[in-house]
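Engineer: The listed protein sequences correspond, in order, to chains A and B. Those letters in the first sequence? Residues 3 to 164, per my numbering, in order. Those letters in the second sequence? Residues 3 to 181, per my numbering, in order.
Hint data in this document are derived by calculation from the structure and do not stem from the laboratory. There's no promise every hint is true.
[Stated by the list, open to error] Which bits of chain A does chain B cover? Going by a derived footprint, with three or more residues having C-beta under 8 angstroms, they are: (1) 25 to 35; (2) 122 to 128.
[Stated by the list, open to error] Non-contacting residues of chain A with respect to chain B, defined by C-beta distances greater than 12 angstroms in every case (computed): (3) K13; (4) D21; (5) F68; (6) N69; (7) S76; (8) F77; (9) K80; (10) Y83; (11) N88; (12) N98; (13) K111; (14) D135.
Ideal Cβ placement from N, Cα and C applies to all residues, glycine included.
Listed below are the residues making up each chain.
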Amino acid sequence: MKNAEYIHFKKAKPFRFGDVFVYIGVAVLIAFLFVYFVIIPRSSDNLGFGVFVDGKQVAVYNYGSFNPQITDNSFSDKIVYDKSANTLTVYYGHDNSHFNVIKIDDAKKTAVVKDANCSVSKDCVYTPSLKGDSAIVCVPHKLKIVGLKDKAPSLPTTGGVQ
Amino acid sequence: MKNIKLKKIALCGLLCAFATIAFTLESLFPPLILPGARMGVSNVFILLAGIYLGSVYGYATLVVKILLGSIFSGNISSIMYSLPAGVLSLTLELALILWLNKASIVASSVAGAVLNVTVQNLVFCLVTDSMEYLSYLPYLSLTGIIGGLAVGFIVLFTVRKLKFNFINSISKKEKYFEH
Ligand SMILES: [Zn+2]
C-alpha cells in the first residue's frame, strides 16, 4: 500500500484549481442539453394517447371522447375503462394480478399512471404526466404510453370496454 | 500482507452492505423530478471503497450495490441502464481523484453524478425504445449536481476525519496485542 498517494486526502479541500475545468465541462454539457432539448423543440398539444404493451399498440384514447378504443383483440378483457373515475386499467398475466392504472384528464389533455404494482420503486407512477413529446414507460410491465398528435381514427368498438 | 488483503475484503463487504441498504432505502422514497433521479447516498460508500481500498474495491462495491439493489427493489431490468452508467461515472470520479489527482472530491463527485444521470437516461431511452424521455435529460442533469454536491461533501468530511493508513494501523495494533 502506497500511503504517500493517500496523504493529500488528510488535508483535502472542497476546491482545487483543477475543479475550474471540471465545472466548466459540466456547465457546457448542461447548457447544451437545455438548448437542444428545451429551447429548440416546440411541442404542441396532444389530441390523445396510445397505449403500447411490448412494443405493440393495444389501445388509443382521444381526449374528450370518454371512449377508449382497444386496437388489439387479445387485450379486450385486459383493459378496463372506468367512466366515473376516468381511469383506464391495463392488466397483465394469466390471473390479471399485475396492473397499471392510467388516470385521464380530458380538460388538461393529459394522462398519468396513478397506481401500479410493477416494482417497489413504482417508477411509472412517479413519471410526470404526458405532455408534448413525453412518454410514460413501465419497464417491468413493458408498458408505454405515448401522446398522439393526430386524432385516432374511429374504430368499431371491440368490446370489453365498460 | 495477506492479512491486510483479508481486512480489505472484509471492509469492502461492509461497504457493499451499506451501499445496498442505502440504495434500497432510497428507492422507497419518491424520486426527484423523474424516476432514477436520486441523491445517490449509496455512492458515498462506493467512493470511500475506491479511495481507501483501491479502485478494484470501488468497482466491486458498485457492482454488488446495483445487482442486489435492483433485485431488492424488484426491478431487475434496471441493471441494463444503471450498470453502464455507474461504471462510467465511477471511472471518471476515480480518474479525477486518484489517477490524475487534479480535482477535488466534491467537483469529481458532481461530474460523476451528472455523467451518471446522462448515461443512464441515454441507455434507458435506447433499451426501452422511448426517445421521448430525452426531453427530461436537462432537468435530470441538474438533479445530478445536487446529488453530486451532497455526496461529495459527505465523502470529503469523512476522508478528513478518518486516518488514511488506517488499514495498516489496524494490522499494527493487532501485532501489538499479539505480543
Ligand atoms: Zn411501473
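Engineer: Each hint should be assessed against the structure and marked as holding or not.
Structural biologist: Okay, the hints, checked on the actual structure:
| no. | hint | result |
| --- | --- | --- |
| 1 | 25 to 35 | holds (count 6) |
| 2 | 122 to 128 | holds (count 5) |
| 3 | K13 | violated, 8 angstroms |
| 4 | D21 | violated, 4 angstroms |
| 5 | F68 | holds, 25 angstroms |
| 6 | N69 | holds, 25 angstroms |
| 7 | S76 | holds, 21 angstroms |
| 8 | F77 | holds, 19 angstroms |
| 9 | K80 | holds, 21 angstroms |
| 10 | Y83 | holds, 24 angstroms |
| 11 | N88 | holds, 23 angstroms |
| 12 | N98 | holds, 19 angstroms |
| 13 | K111 | holds, 16 angstroms |
| 14 | D135 | violated, 5 angstroms |
Checked against the numbered hints listed earlier, the structure breaks hints 3, 4, 14; every other hint is satisfied.
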